[in-house]
Amino acid sequence: MTADRDVTAAVPEREGTRQHFDETLEQIKQDLVTMGSLVLENVRRAGDAMVESRLDLVEVVREVDDQVDQLYLEAEKLTFETLARQQPVAGDLRFLVAATRILYELERSGDLAYNCVKMLARVDGFPQHPLITPLLEASVTASCKVFAQGIDALADLVPDAGAKLDAADDEVDHMVSELFTVVGRHSFEVGLEVAIALSRVGRFLERIADHAVNIGEHVTYTVTAALPGEGHNATADEDGG
Amino acid sequence: MNDTTETLSVDTADMPPDPTLTAAPTAMKNARETPEEAGPGVIETKNMDVFYGDFKAVADVSMNFAFNEISALIGPSGCGKSTVLRSLNRMNDLIPTARTDGEVLYHGANIYAPGVDPVEIRRRIGMVFQKPNPFPKSIFDNIAWGAKINGFKGSKADMKDLVEGALRQAALWDEVKDKLNESGLSLSGGQQQRLCIARAVATQPDVILMDEPCSALDPIATLRIEELMLELKENYSIIIVTHNMQQAARVSDRTAFFNVELDTKGQRTGYLVEFSPTDQLFTSPKEKATEDYITGRFG
Amino acid sequence: MATGSDIQDVSMEEQLERKRRPLDTFIVGSLFIAGAISIAITLGILWELGSESLLFFTDEVVSIGSFFTSTEWSPQAGSFGIWPLILGTLLITFIALLVAVPVGLSAAIYLSEYASARVRNFFKPVLEILVGIPTVVFGFFALTFMTPLLRSIFGSTVGFFNVLSAGMVVGLLIVPLISSLAEDAMAAVPNSLRQASYGLGASRLETSLRVVVPAALSGIAAGIVVAMSRAVGETMVVTLAAGASPRNFSLGEDSLFGYILSPFEGAQTMTGYIAITASGDISYDTIDYNSIFAIGLTLFLMTLGLNSLSRRIVKRFRQEYE
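Chains as they are written, first to last, in my numbering: chain L, 72 to 312; chain Z, 136 to 434; chain X, 578 to 899.
To be clear, the hints were calculated from the coordinates, so they are not data collected in a lab. Where hints are given, some of them may not hold.
As the list claims (entries may be wrong) - Heads up, simulated DSSO-like pairs for lysine-lysine below, C-alpha to C-alpha not over 27 Å straight-line:
1. L:Lys235 <-> Z:Lys266
2. L:Lys100 <-> Z:Lys283
3. Z:Lys272 <-> X:Lys892
4. Z:Lys314 <-> X:Lys596
5. Z:Lys295 <-> Z:Lys181
6. L:Lys235 <-> Z:Lys368
7. Z:Lys181 <-> Z:Lys421
8. L:Lys100 <-> Z:Lys400
9. Z:Lys266 <-> X:Lys596
10. Z:Lys288 <-> Z:Lys266
11. Z:Lys283 <-> Z:Lys272
To be verified - Chain Z is nowhere near these chain L residues, computed Cβ spacing over 12 Å in every case:
12. Asp93
13. Ser108
14. Glu123
15. Gln157
16. Val160
17. Ala161
18. Leu174
19. Thr212
20. Lys216
21. Asp244
22. Thr252
23. Val253
24. Ala296
We treat Cβ as the ideally placed atom computed from N, Cα and C, and that holds for glycine.
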């Protein structure tokens, strides 16, 4: 007779009836949060680059954005495979559908951060200006704050994320609008090209916050199945390159 | 006389899309009536309990099945969904110890009232079973039989028309029209089940009950029967029990989720958890128990 | 971790090799021998019948032709036509079936489709008691109860020995055979067919008669043929109640319903003749004695024919449910 093989060692502990599926869903959420963190960090980096006019950071921002794009491809693939294979319904389905949308918002936000430093590079750095620079920094801070809130809402699956972020976004709009005004008023002091670049940057920062609001709304949908009452969707115009 | 179409000089394709039409179709769906608001359906149960001897198999079921819809009953084993189905056409009467309390209204009349003939009920509320069970007679006789015992008065030609009509309704005519005299058992599993459906519609019911009709069939045969159900619902009201949730999701208009609970004596009694429109139940069900069941996180 | 192929000294082919199982071989051999013995015995009987019958047929008094065509069986007069005896056997079998089939079938339908478990558990054993009653008792029952009863109903046209009385009692005797086999056949009809029938709005009676019985028909038919074979072979009752006079007839002269097929007269059956002749004081190797074997052979062949008929009927009517 052959010796008995110890097969029990191979059998892992199982809890719950869909352990593998739950792990996959958790993995996807983690990927989203990781992506979000990378993007957030990159926006801050872009902000530092613009405020301190550090052209050496441009390359770093680009590399990090490449990482974000890579993570996007992997996470999207996993999400679609899971949709195909697991026949998800109800909460699971809402989460996966929302995940595909959140992936899009994150990827676009990442690109927007890179676009900011591209503007910086194009005009060879922003000159310091007593009025403009603080406003620029404030705009970046405001945008990052909203974006961070969006990622936290995602990580914690907060039910009223959409409403909360929508409210927080007002500050960003306000800040950026002030930036436009000041830049416009002092455009000759910094030069027309810089002024145009700065106004585009302002736009990008505003849109990063908008993407964060969308993320909040997708989170609300996942948790409560409520679709946004008044669709505050991402704007349809093309972003610059 | 003027042709009235000539007065429409605007080509509707040029008009901008009507915003109220393209806006959230969900808004329209959310306004759909609840079963109560829609008025009594073809079958309505009121506080129905079903007992086998002393054992309460199903407790306090109140449901309203709408006309010309497909209603699906889902739930874990032992939750009583088949018991509920079989009490809708008094098939439970065949089990000696079975007893049904409460009311089951068919077009408003309680089918459990004393003096009601269960045989007549079963002519009007047909049934298709889990394992196809055609009679060991010819295909023609399988279908003619039900009509005959229910007092079919007509010529041979009328009977032929009836049989052809039933087979067409079951999407089986083209496959068997040249072999009506062959045994019903010579058909494949999926065809046999369609034969059973044809046999059921031959008695001209207005409700068809189906007890896991596809669980003995392969996936392709299953999909054909599902297509058939969608066609049949134009003329019949269909109630199906299925343990395949995706089938309920694909096919039904409304889905009922039954669960089982242990009482103090250790008896397992089934009860209705929720009965909602299918699209709502599978995207955001009302009850957590429902969500746990359909996402597979039960127990 | 040891795996199957780790054991070096025994190759995989050797491990998979068919093992010798001597006990299996022994048992299978014994079973075969038992079956062979049964066949051997049957062949032995056939041989015995055949060889003794040969003695009968080669006797100068007998001609095979007249054995099979003559309608007079009077051994003392030298007539050995078998038809009167066959007539007796067939008359009694026919009457027996006339009684047993309706009664047996009805009982079977009731037990299978209508009776509750309690009723069935009481009724079935009672029916089977009939099987336990010795046939000689049935014979006397026919003689001392049945015949007087018939005489009181039909008057004195009923003879003291008559086939009606014997036939009816044989019928009673074979009722359990039919009811038991028919009930088994109906129980074998899958419940899903009954459910389908009820689902279409059929009553219990309609379901029993128009779904279950047709589906069980081959089994029921087989039961009837078994009962028929039994009736053909019944010896005791017919010997006692049907009398010892062969119903000799001639087709042209005797009235068909008044005499030839009359139930009120006695008629010796093939089995009755064998019983009387074998237990009498006829000496061995006389022609009378050898005639027993010829009749026995005829009986054997008749039963064989009935059995193969039964198999054919079963095959023809068998309805497959799966």
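Contradicted hints - numbers only: 1, 2, 4, 5, 6, 8, 9, 10, 12, 15, 16, 17, 24
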